[in-house]
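Letter by letter, the chains look like this.
Number of protein chains: 2
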Amino acid sequence: MSIVRHADGTFHWEGVDVLKYKDEGAAPFKDVTRQVLFDTQDPPAQLRYFEVAAGGWTTLERHQHVHAVMVIRGRGKALVGDTAYDIGTHDLVSVPPMTWHQFHASAEEPLGFLCLVSSNRDRPQLPDSHEVEAISKPLR
Amino acid sequence: MSIVRHADGTFHWEGVDVLKYKDEGAAPFKDVTRQVLFDTQDPPAQLRYFEVAAGGWTTLERHQHVHAVMVIRGRGKALVGDTAYDIGTHDLVSVPPMTWHQFHASAEEPLGFLCLVSSNRDRPQLPDSHEVEAISKPLR
Numbered sequence: 600m601s602i603v604r605h606a607d608g609t610f611h612w613e614g615v616d617v618l619k620y621k622d623e624g625a626a627p628f629k630d631v632t633r634q635v636l637f638d639t640q641d642p643p644a645q646l647r648y649f650e651v652a653a654g655g656w657t658t659l660e661r662h663q664h665v666h667a668v669m670v671i672r673g674r675g676k677a678l679v680g681d682t683a684y685d686i687g688t689h690d691l692v693s694v695p696p697m698t699w700h701q702f703h704a705s706a707e708e709p710l711g712f713l714c715l716v717s718s719n720r721d722r723p724q725l726p727d728s729h730e731v732e733a734i735s736k737p738l739r
Numbered sequence: 600m601s602i603v604r605h606a607d608g609t610f611h612w613e614g615v616d617v618l619k620y621k622d623e624g625a626a627p628f629k630d631v632t633r634q635v636l637f638d639t640q641d642p643p644a645q646l647r648y649f650e651v652a653a654g655g656w657t658t659l660e661r662h663q664h665v666h667a668v669m670v671i672r673g674r675g676k677a678l679v680g681d682t683a684y685d686i687g688t689h690d691l692v693s694v695p696p697m698t699w700h701q702f703h704a705s706a707e708e709p710l711g712f713l714c715l716v717s718s719n720r721d722r723p724q725l726p727d728s729h730e731v732e733a734i735s736k737p738l739r
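In order, the protein sequences belong to chains X and E. The first sequence begins at 600 in the numbering used here and counts up by one. The second sequence begins at 600 in the numbering used here and counts up by one.
Calculated directly from the structure, the hints in this document are not laboratory data. Hints should not be assumed to be uniformly reliable.
In this list, chains with the same sequence are indistinguishable; a pair is considered to hold if it fits within one copy or across any two.
[Said to hold, decoys possible] With a straight-line cut-off of 20 Å between C-alpha atoms, the simulated EDC-like cross-links for lysine to aspartate or glutamate are:
1) Lys-619 to Asp-681
2) Lys-621 to Asp-721
3) Lys-619 to Glu-707
4) Lys-619 to Asp-638
5) Lys-676 to Asp-721
6) Lys-736 to Asp-607
Sequences are here, hints too, so could you generate the full structure?
Set out below in structure tokens:
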């Protein structure tokens, strides 16, 4: 990996591929991409950049591993537990273990955020279809 | 810790203290502050925000642990090994083990960057005074 990887001004980086967020059909989401910026041995961690297009949203899910998030582009909402928080550029979000969470871009612009996770992490759990409405209530 | 900690637009965050970069006299540096944004158990990692005032610079040092860096404010130079790289907002810098490195803000504006490190890391080594000139040569 190069020592310096320049950003191109559109939230893409030299030598960093734009990946699918998840396989289509694996879980509900809308208009999200994923880029792995760092993948380190010590700490065993990944720093990823997710971008949610205007009006899009990530999967509503929970898991044991924590997320440490910094928004670096745009605005939106973070649903974490029983609260929907307004978030904007440089805001920090901590997602605790086994807490339902979902990121929504605003209608007007993309929401881009860094997300630090352990390399050794459990798979997300999805809500049952009848649970989604209650969990999502703070967004309405 | 709060789930969301808002940024105030000046690279300060709710509930995050602005710390000394290092104790005065511990090592050479000029006009640097440190903020610990995340301190996680799994991964055992810290994500810090360093800000170097216009014209300032961090300590020239090396260590076994690696740095994963993203610039989020301003411009400057990163000396890593035998090269001085121009860096700007959102550029990524990887500092390999035991590689001399130093960050310099431009003369006009501060340089602010995120730096991901292991919680379990070795102490930095400083160059002997007669080594500094040779190591710093790429900056001139």
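Verification of the hints:
1. Lys-619 to Asp-681: neither (28 Å within a copy, 37 Å between copies)
2. Lys-621 to Asp-721: within (15 Å within a copy, 37 Å between copies)
3. Lys-619 to Glu-707: Result: close neither inside a copy nor across copies, 22 Å intra and 39 Å inter.
4. Lys-619 to Asp-638: within (17 Å within a copy, 29 Å between copies)
5. Lys-676 to Asp-721: Close neither inside one copy (24 Å) nor across copies (39 Å); limit 20 Å.
6. Lys-736 to Asp-607: Neither. Shortest intra-copy (38 Å) and inter-copy (28 Å) distances fail the 20 Å Cα cut-off.
Hint compliance for this structure: hints 1, 3, 5, 6 are broken, all remaining hints hold.
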